[in-house]
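Same order as they appear, the protein sequences are chains X and W.
For the record, in the first sequence the residue sitting at position 189 is 188 according to numbering that gives the first Met the number 0, with numbers rising by one throughout.
For the record, in the second sequence the residue sitting at position 123 is 122 according to numbering that gives the first Met the number 0, with numbers rising by one throughout.
Check each hint, because a few of them may be wrong.
[To be verified] A short list of chain X residues far from chain W (calculated; beta carbon distances all over 12 Å):
#, residue
1, 38
2, 65
3, 88
[Claimed, not checked] Pairwise CB distance ranges, derived in the manner of DEER restraints:
#, chain 1, residue 1, chain 2, residue 2, range
4, X, 322, W, 106, 49 to 57 Å
5, W, 136, X, 186, 54 to 62 Å
6, X, 121, W, 106, 38 to 46 Å
7, X, 179, W, 136, 51 to 59 Å
No lab work stands behind these hints: they were computed from the structure.
Positions of the beta carbon are idealized from the N, C-alpha and C atoms, including for glycine.
2 protein chains.
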Amino acid sequence: MSAPVDLIDRLRLIRTSGIGPIAYRQLLMRFGSASAALDAIPDLAGRGGGKPPAIFAKDKAEREAAAVDKLGARYLVLGQGLYPRALAELENAPPLLTVKGNLSLLERPMIAIVGARNASAAACRFARGLAHDLGREDVTVVSGLARGIDSAAHDGSLESGTVAVIAGGIDFYYPPENEARQKEIAERGLLVAEMSPGTEPRARHFPYRNRIIAGLSDGTVVVEAAPRSGSLITARLAAEAGREVMAVPGSPLDPRAQGCNQLIRDGATLIQSAADVLEMLRPIGGGVASPRAPFEHEAPLDPVDADEGIRSRVEELLGPSPVPVDEIVRLAEASAGSVQLVLLELELGGRLERHAGGKVSMAA
Amino acid sequence: MSAPVDLIDRLRLIRTSGIGPIAYRQLLMRFGSASAALDAIPDLAGRGGGKPPAIFAKDKAEREAAAVDKLGARYLVLGQGLYPRALAELENAPPLLTVKGNLSLLERPMIAIVGARNASAAACRFARGLAHDLGREDVTVVSGLARGIDSAAHDGSLESGTVAVIAGGIDFYYPPENEARQKEIAERGLLVAEMSPGTEPRARHFPYRNRIIAGLSDGTVVVEAAPRSGSLITARLAAEAGREVMAVPGSPLDPRAQGCNQLIRDGATLIQSAADVLEMLRPIGGGVASPRAPFEHEAPLDPVDADEGIRSRVEELLGPSPVPVDEIVRLAEASAGSVQLVLLELELGGRLERHAGGKVSMAA
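Isolated chain X, as found in the complex (with noise of 0.2 Å):
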């Protein structure tokens, strides 16, 4: 079976190197099709002031959904059918997921189980039970695969239902000591990759993984995990995507319990049992997870070229520095779509890098 032309087009996009997730948005956003976008990066590129970017080749493209599909994997692309909603909120979301398994665990309440890859085994205990407990009440654990911690929330879930988010492609196993678990996760769990088949898992890509998995679920939990780990990052792109952050207390002598204590001081909820986490869940009634405010700069792009006065105002505004895109545009004194459009034409152009939390600078 041949993959559509417009996912073909997608994977030609956010494949090539050089436009990340809000770029993609933004092109799509403007020009209405992955197609017409491609077609527009070489002017747009040379109004930024660069050399296009390569355009990822459409045979590759090609290949790559041809080995999903014999992966046994699928896409699901963003703004469409199955994609989740949840995930689909953040500024920098995934374009398109690789995901292989049970579908139907997305459409249930979501909350990710992450800690410290050497947590203690009282740790994982605990991680797996909870895991367990979630799973009755039919809630879906979202993990990283990750030795401790994140093993022990996807064994405790995979009778009820666990989505396991890796760094890599979906036929990478990493670590490698988890390959059966993968293989078991993708049978009868969920398994999501942002990168191509095969790609092997650098360091930059765990916390893409992360913003995942904190972007799927409706919270997350941290289980024991040292001051400046992954754990906390994914706490922290929860928080920022206005999800529950939770943490699992421990002593204050066991040097392993300091990353979440230091979380609950900064106003993360203490979790004791899987019933605190429900009680985030469902406040009132049963509900969950009521719809979130969209994100502030999703302007549409301003239909009309920004003039020449709004782009050397925002190259002049721009430095080596990151600076929050909200703050160009009051600067700048301009439309937030035409500012938009000078950034995407001076990241098209190579000239401009983004940042986490909104921020931007000229690319060194």
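Please build the complex by placing chain W on the supplied structure of chain X, with the hints as guidance.
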């Protein structure tokens, strides 16, 4: 040295059965002196429709004062001299305290550390270390000289300054194995008792002691407490008095951590170190313990007698279930002072009981 007459009168007033700290305070406010209050009691009790209480005999009061003197202890009188200002803010502040030791400890910031008698060795070690670290910052550590956490807190702060509040008389050693510790605190720290010398502590005395611990302190730290334990009562009393409530977390797998974890869920500040406590104590610029609002019903008693209309309305509003004094004032449509007077008369006549949280009921 014989005790001043006013002290003897105050002793007679508070040691009279049926006169608690609230009636004591209101009698002094209304009549200006303990002596005048003693004279007025028969009439007041008569208007309250009951038999007047048997006033504590003068010679017994004199014997108690002599005993306190002989023990090397002294009294602190509510509203006078060195009586701690923070404690005086409690509606049911003890009218008299027997104290022995270093009174200057009352002039520093004070933090209570309380917890389970059967605490884990790790929690006792934590309490001792926390007390020690607070002591190094010139904080006086207050506790209740019980087994477990209390003893550890005293031990950690014996060098720097510790205050032990005991449930029985100042010369009664309880628990027996703490005799040496109690004697050492009376020498190097400060020992505080509300009951008269020789009093053996009873179950009902412990909540009284707990209110003194909470009331003396700018904040209370709970270290390991079972659900429904005395330490949680102290925490509640601290919260009611507008003081900081802090708790040390533990693993949900440890049943001894459940009380503290629940306190944190209910809004107590999670504490991992002395630095966390000091942050509470000195939120901005090093200042400690801003003056607190007076109690709502500390209106002076009405100078004229309450008329019969008010008396009968108040009596009608009272029943066997405790109701807040606030509510009676509102429903009686009378001044707070005149309602308080009627309640005082009923109490002295043995027809009213006072309950926690400013509630009253008809006596059973």
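Quick check: does the Cβ-Cβ distance between residue 179(X) and residue 136(W) fall within 51 to 59 Å? 54 Å, holds
**Prompt:** Range hint 54 to 62 Å: satisfied by the CB atoms of residue 136(W) and residue 186(X)?
**Reply:** 58 Å, holds
Holds or violated: the 38 to 46 Å window for the beta-carbon distance between residue 121(X) and residue 106(W)? 44 Å, holds
- In this structure, is the beta-carbon distance linking residue 322(X) and residue 106(W) contained in 49 to 57 Å? Since residue 322(X) and residue 106(W) have Cβ atoms about 51 Å apart, the given range 49 to 57 Å holds.
Hey, does residue 38(X) actually stay past 12 Å from chain W on C-beta? 56 Å, holds
Going by Cβ atoms, does residue 88(X) stay more than 12 Å from chain W at every point? 28 Å, holds
Going by Cβ atoms, does residue 65(X) stay more than 12 Å from chain W at every point?
Non-interface label stands for residue 65(X): nearest chain W Cβ at 48 Å, farther than 12 Å.
Going through the hint list in order, the structure satisfies each hint without exception.
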